[in-house]
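Colleague: Could you slot chains B, C, D and E onto chain A? The hints should help.
Residue numbers (my numbering), protein chains in the order written: chain A, 85 to 381; chain B, 85 to 381; chain C, 85 to 381; chain D, 85 to 381; chain E, 85 to 381.
Among the hints, a few may not be true.
Copies of the same chain look alike in the list, so a pair counts if it fits in one copy or across any two.
[Unchecked claim] Computed list of lysine-lysine pairs in DSS-like fashion (alpha-carbon distance at most 27 Å, straight line):
1) K160 - K90
2) K250 - K184
3) K365 - K249
4) K268 - K213
Hints listed in this document are in silico derivations from the structure and should not be mistaken for laboratory results.
Letter by letter, the chains look like this.
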Amino acid sequence: MLTNTKIPIAYIFRKIRVQIVYVIIIGLIVKSVAIYFIDFIPQMPIAIPAFIGTAISVLLSFNLNQSYDRWWEARKIWGAIVNDSRSLVLQLQSFVSEEKQAIIRQIALRHVAWCYSLGQNLRGLDPKKNIEDLINTEDMREMDNHSNKPLALLQMNALQIANLKKDGHLTEFYHVQLNTTLVKFSDAMGMAERIKNTIFPVTYRLFLHFMIYVFVVTLSISLGEIDSIYEIPLLVVISGCFLLLERTATHLQDPFDNRPTDTPVTAVARTIHINTCNLLKESKTPAPLNPESFYIL
Amino acid sequence: MLTNTKIPIAYIFRKIRVQIVYVIIIGLIVKSVAIYFIDFIPQMPIAIPAFIGTAISVLLSFNLNQSYDRWWEARKIWGAIVNDSRSLVLQLQSFVSEEKQAIIRQIALRHVAWCYSLGQNLRGLDPKKNIEDLINTEDMREMDNHSNKPLALLQMNALQIANLKKDGHLTEFYHVQLNTTLVKFSDAMGMAERIKNTIFPVTYRLFLHFMIYVFVVTLSISLGEIDSIYEIPLLVVISGCFLLLERTATHLQDPFDNRPTDTPVTAVARTIHINTCNLLKESKTPAPLNPESFYIL
Amino acid sequence: MLTNTKIPIAYIFRKIRVQIVYVIIIGLIVKSVAIYFIDFIPQMPIAIPAFIGTAISVLLSFNLNQSYDRWWEARKIWGAIVNDSRSLVLQLQSFVSEEKQAIIRQIALRHVAWCYSLGQNLRGLDPKKNIEDLINTEDMREMDNHSNKPLALLQMNALQIANLKKDGHLTEFYHVQLNTTLVKFSDAMGMAERIKNTIFPVTYRLFLHFMIYVFVVTLSISLGEIDSIYEIPLLVVISGCFLLLERTATHLQDPFDNRPTDTPVTAVARTIHINTCNLLKESKTPAPLNPESFYIL
Amino acid sequence: MLTNTKIPIAYIFRKIRVQIVYVIIIGLIVKSVAIYFIDFIPQMPIAIPAFIGTAISVLLSFNLNQSYDRWWEARKIWGAIVNDSRSLVLQLQSFVSEEKQAIIRQIALRHVAWCYSLGQNLRGLDPKKNIEDLINTEDMREMDNHSNKPLALLQMNALQIANLKKDGHLTEFYHVQLNTTLVKFSDAMGMAERIKNTIFPVTYRLFLHFMIYVFVVTLSISLGEIDSIYEIPLLVVISGCFLLLERTATHLQDPFDNRPTDTPVTAVARTIHINTCNLLKESKTPAPLNPESFYIL
Amino acid sequence: MLTNTKIPIAYIFRKIRVQIVYVIIIGLIVKSVAIYFIDFIPQMPIAIPAFIGTAISVLLSFNLNQSYDRWWEARKIWGAIVNDSRSLVLQLQSFVSEEKQAIIRQIALRHVAWCYSLGQNLRGLDPKKNIEDLINTEDMREMDNHSNKPLALLQMNALQIANLKKDGHLTEFYHVQLNTTLVKFSDAMGMAERIKNTIFPVTYRLFLHFMIYVFVVTLSISLGEIDSIYEIPLLVVISGCFLLLERTATHLQDPFDNRPTDTPVTAVARTIHINTCNLLKESKTPAPLNPESFYIL
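So here's chain A without its partners, still in its complex pose (with noise of 0.2 Å):
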């Protein structure tokens, strides 16, 4: 996630260099042909690009609204997922014997794992990563013969509650309340890998950028005409908006793919540990995760 705080020029602008460069290419292409051909090139009236510009800014509405929605269930997503380790901890509490605390205790350290491992596996990364600390190593065995990792962690806690009924310490009414929780995960879980892994309608974004160059090469046309000394700034900063605001949509589609624009995992599962640790009041709280010099991961 971007933070509030000053975003790089650069990074801003090496997202469309080389589209840039398209439209300064095509813009002195339009001028040159202009000079030389003058006579042969018939007149474009202004109102086609205006036009194609206004239909463009309409699709771009559309695309943008749909990429924020992806962006936003993604960040809802792992809301959910604070949520419900937060509850799911409270419940341990609530509902299990007292004497088992060192199993409670067990049980959420795995969950924090499987938060941690999830925000890996959907960003492609190791999904063991950063969790030695808090499963043993069995568990780390157990995860080597599921091709999904986190469902292995997910099964591992759904069979421990389910021991713990069978051996006394938790009744069945208060079993099928857990497990309500743990269905919420796999939900969350479920979610996330259909946002990961369903890619938006490919054509529509083709046939969007199609129009943006159809529309570069109109206005040049349409203001190649008057000797212009704005054509060419204005053509790649009108673009460039154009461009710009088509990317962003883009990277909100894609939410896990290990950017800067992100949804923030990462953090996000630090601050489920952090909760976790003071729920079950252990001495020791890892500290938050530090944004980077103008993201969070």
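Modeller: Frame of chain A, contents of chains B, C, D and E only:
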């Protein structure tokens, strides 16, 4: 689902071949008329096609919005099926007496069969394909008595779980919790069928299509009087963008039509198959489905 | 629901016949005035109707959006009724003692009657049609004491299920689970009635309609001065698009009005009937409802 | 709620009388200035008011959208109250011992009183009106100790249901299910109060209003130079449309203000009253509420 | 929350003072350049700023939409806290043995403390303010061990309710129902924190702001050539509208920032306090919070 890999140009343009030909013909007719009857064709202010173009982009944006929502809802339904399938296996393992592992396995694999069968059924393909190894011949025969094959599989699972309760391997309370999960599958199935069977308001699409041709005619008249070398290309490019976006919307509306833009139900069912095998600690798990050239079903 | 088959042109144009005549009359009046009083009519810049047209398309888009949402919500409600009806039968079969098959059948068929009756009631038709074979004469008589007939059927099912509990054929816990399903039917019924009884803000439609005529008048004045052969056709075509889209929105708003654009409640109820017969393993199942010429109710 | 019957023109124009006078005054001032100082007023390109008009329609569309959502949410809340009220009676009849019919009736009628009282309270009217026949004098007195009268009625029902449980006429499990229904009423009440008490962002409305006057001024200057006979009518008609749509939005925003555009809470409460009497098999049921001349409250 | 009473003009314009100065400076620079270098500045067609203005209004509309949704979601969360707080008291009174009134009161008032504390915490103010009379000193001390103070209060309530169960004053089933209500508070807390901690996509705001200045520059060049007396006022008025709407959006985005446009969390907590006292039949209830001059916090 289209993947991010290079989409063949041929695939894109095959969709609007016929319409583009219409647009060119309209452009040529207007041009010819303009040459022979130049004095009789009055001026068409460029503001007319410009405003029609803006109106089209606004209405297209509504169309894209609703179509995207249908497509995304279809994807959400199949995402929910993934989550609930994982929860089902974990619940069976937590709730059913341990000696009944064979029945747990039978129910879990029959559920995987339900996933494959539902996907095929939605696409209008054979709902009994791919499931021979997952259910026994008795189940296969029972399916023939039902007009809705996946519903038959759901009933078998519901009744077998009820029998586990009757035989004392499941308590009443656990039974109700498992039933809640089965209700979710019934909901997901019905929701997908709703999207499949509900036709997007037909008249809306007709009027939008009609407006695009009105736009083409007015624009070609408007450009016709200035002896424009880019009249035809401009007509084709702008109306092509509109037609392609309209086609994109149409394809998103129907995500279960056995097309490259479909929701990848077979791939999702395969993921569920793999997860289920992992959770059951099966020795053999199937391989994930590989994408076709530029899409995955 | 309109099907994808060819919609008769007559059906479409019957809807806006009167308005189109108005538009032509306005166009002709302006034209006549223009011929006789040419010097007195000042110029109307084309930008005025162009911007009004854009404004109409924006406001029409809002109208279409909300209308579509109502239509889609109506379809979702009936989709939910399908899902919950299947779940109800599966729950009855799972929860009620096996010797009570006859009562399960009675409740399930009475529920099918509720589906037919609700559909008829929403459309303002006879709510006791089509259900003679599904409920007995005693139930039929009981319905007469209620102003809301489907609610009477729902109460009968609720009380009969409560009696199953009182007679010991259903445990308390299963009873509550079945009750949860009945609550869903009560919700669905009320939601459909809400859509039926809530009138879309009337003033909004009035003002939009008024703006379309303002557009027609300004456009015809604007085109009037240039002796235009396509003035009247253009007026008719553009305002016709607006009027047809506005009419589409109006029809989507009221999906229970016994019109071709209705939610196909009878067809959905028939599907439920078929599914129920399959699940009950009845020997006789009704045939699915066939679409009328170009729509299905 | 406005009904579909003919809405008096007087009702519509009373809403924007003052603003229309402002618009006419602005138009006349600009015209006078134009006549006397014709050489000093430079040209205002028509594109300026045209683009401002488009911007207003876009922003108005956002405003209408959010206002409609508030209005529709208010209607949904009252729709949910209908559904849950029916479910409440059915649950009381299913769950409470049969000999306690008198208490079931008392609770059901007190609940009807809650519906009337909530509607009155939301509108800022006397929350104790219309309910004298539904609750006894003791309940009436108890209400005086509460600042929120409907909440008092809800508490009475909750405590009486708890007493049924304490006296053994209701099992614990049924009690929890009934409590779930009461929680829904608490939610509905709070949601309606939220809509009532949350003011739509005031600055937004101010700026939009301001833009409409900017539009009027720029348009009148723009039209002023051509000695236009339709300047004033055009100004009034276009700005009138905007002002009426803005007013429509404002009225939709506040659906509990005792205005013709209100959510018809009294009529809904009456429907609940009738349904409850039918379900209780009361001999006397009240008549449905008839609409006023062109609206229903 | 801004109230409907007259908002001071000073409050509104303080927000965009700096930007308005920038706009005037740009206008004056362009004017000066136009006077001295009149022959070198080519014509800027008015269609360029007009279309940029339209594009800004479309993108602003998206921005307002999403910002409004955040603001409304924040208000919904606090509305849900009101509802669930009322339900909590009613459930405690219905479920806990009557002799434990003192503990019911202690839990209910601690919950009110949680409401105040959460509001303060979200605004970055002292989370221990206003709650001295509601919880005892032991609770106060316990809060110091937690980094998230409201979470500490929630844990205390969860554990005290669990103790009521352990001591036999609450049955298991009622316990689970109360726990469900506590889970809702955990959810509401996390959801509000999510809105507080998630920064609206920064780049989007930057690009929109940039486009407004591009609009100002192009419009001032476009108007500059005609020696216009209303160039500067027009620039200020139109860009002022855009800047104010953009600022409105920005303020709606962050509803927990201790500003007049905040969600009125303190006032809502006070309402909960009053309702709780009424339901507990306390002899003393606090007065409702009065609005500041033109807003309420």
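Colleague: Among the hints numbered above, which are violated by the structure, and what are their numbers in rising order?
Modeller: Violated hints: none; all satisfied.
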